[in-house]
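Sequences and hints are given; from them, build the entire structure.
Protein chains in written order, with our numbering: chain A, 882 to 991; chain B, 1423 to 1821.
Don't read these hints as lab results, they were simulated from the structure. Quantities reported herein were computed from a predicted structural model and do not represent experimental measurements. Among the clues, some could well be false.
[Stated by the list, open to error] Okay, the calculated bits of chain B under chain A, using three or more residues with CB under 8 Å as the criterion:
| no. | stretch |
| --- | --- |
| 1 | 1541-1550 |
| 2 | 1554-1562 |
| 3 | 1653-1662 |
| 4 | 1796-1810 |
[To be verified] The calculated SDA-like cross-link candidates involving lysine to any residue, where the alpha carbons are at most 25 Å apart (straight line), are:
| no. | chain 1 | residue 1 | chain 2 | residue 2 |
| --- | --- | --- | --- | --- |
| 5 | A | Lys909 | B | Val1749 |
| 6 | A | Lys889 | B | Phe1667 |
| 7 | A | Lys921 | B | Met1653 |
| 8 | A | Lys909 | B | Leu1665 |
| 9 | A | Lys909 | B | Pro1792 |
| 10 | A | Lys889 | B | Gly1817 |
| 11 | A | Lys909 | B | Ala1671 |
| 12 | A | Lys889 | B | Leu1745 |
By construction, the Cβ of each residue, glycine as well, lies at the ideal position given by its N, Cα and C atoms.
Given next are the chains, with one letter for each unit.
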Amino acid sequence: MLQQVIMKSLYAYFLLAVISLFVAVVIKVIVVFFNRAAEKNVPRDIETSPAGPYSLPTMTYGVPAHHVAAIVAAVHYVTSGRIVRIDGGDDHNWTSIGRSQHLSSHDTRR
Amino acid sequence: MSSFHNQPDIAIARIFLIGLGCVLIYLGHKGVLEPLLMVPMGLGMSAVNAGVMFVPSSMNLPQQGDKGTLFLNPLISEGEKLIYILQVDYLQPIYIFTFSNGLIACLVFMGIGSLLDVGYVMRRPFESMFLAVCAELGTIVVYPLGVAIGLPEGAAAATSTIGGADGPMVLFSSLMLAPDIFVPITVVAYLYLGLTYGGYPYLIKLLVPKHIRGIPMPIERASNITPGQKMVFTIISCILLCLLFPVAAPLFLSVFLGVLVREAGLKDFHNLFSNTILYGATFFLGLVLGILCEAATIMNPVVFQLLILGVTALTISAIGGILGGYVLYFYYGKQYNPLIGLAGVSCVPTCAKVAQKSAAESNPECMILPQSLGSNISGVITTAILAAVLIALVGPVKG
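Next comes the structure, spelled out in structure tokens:
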């Protein structure tokens, strides 16, 4: 009886390993397939035309235009297609909130 | 004082359980054990044992072997009695309509699913799944061990799932495999999940030298896994696993439904799952488990065996995960932090946090949380697969 159960247990582990491997392969296939599809959709030759005369506003809602441009470029580099709200702040409280959230997020005794 | 005269052992056990309930509330409040479960569970345990201590016999005081309490009767089977009890015991409807059919486990799973970011798994599927499989070692070892010490096969299999460190999964497995002792199995499981907070850091110190604990993992660039990819993975995995293991299909559906709602951007459903359903189900899970800890119910001779098997399963699973981490450590030329293997034990997100905390203690700049969450979430999937395999192999008990 015990030997039978040991064999059953090992068989269960074997099945678990095989199915987990299968799931991992499925994940890999999905990721590779979608990444290739995304690459194909990127236009190879982007036609460029000279930019027309345009002048950036110097300030937008109290935020200097060159700050806005730098933030937009950084956000676009990390992840495109996001709308980011840029707001002028009076102090640096937002950094302390961010820091405290980040540091306390790993507190296992919370 | 009739309780002390008629059943002194039960009366003493009730006093002990009243005290234990208070201790659980204290440990929950201090953060040693999970407060969301332990506070309602501890108070329920104390209240039910105090409530039945001096109940007159005219109120049908529970006897040893009788599973009834003042609040609910978990194993009532006769239809007429059930209808009567449903109208008398206020927690009976919750128990009948959510516990005995496994719904509460599925509700918790929906909530957990809505909190899981499968992107962590999708970035490194082979590593994550490998570590999660290694961290199931406790289940595999304890199942035959349970049979060896005299438990019925179903009970041994259900108890061994404690090694997966997944509370709802243990509840579901014990309902399917050993419904007559599912109460002690589930109570033992939830008590021992606290070990992952308290005990695992010591195990890490024992098995992993300090300089290895602090090995930094390379910082990864922002993920290119899109919500669409995650949705495709969720749908395919759910269909495949339901196809392979119809007996555990409710669990797979629940967890993947949570993931799908999150990735589909259904914010209202996501809020419903991750707040109302998860916390509501966790509250009633804790409360009903506490109520079920009445002395006459919990004083089962097999409880001591379950206690030993539970702690053995969790310990061996953690050792298995760390060993898996060591395999990758050598495979990657000693550039891989083996603590990530510990997070393969699927207590989400506790094990990942414990691994990160231990790594940061050795090297404050060491960040292994993303990799740890990957193996942690894989652990949820492998635990569900293993529970389904065991239920399929051992065979569910027909109610």
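What hints, given by number in increasing order, does this structure fail?
none
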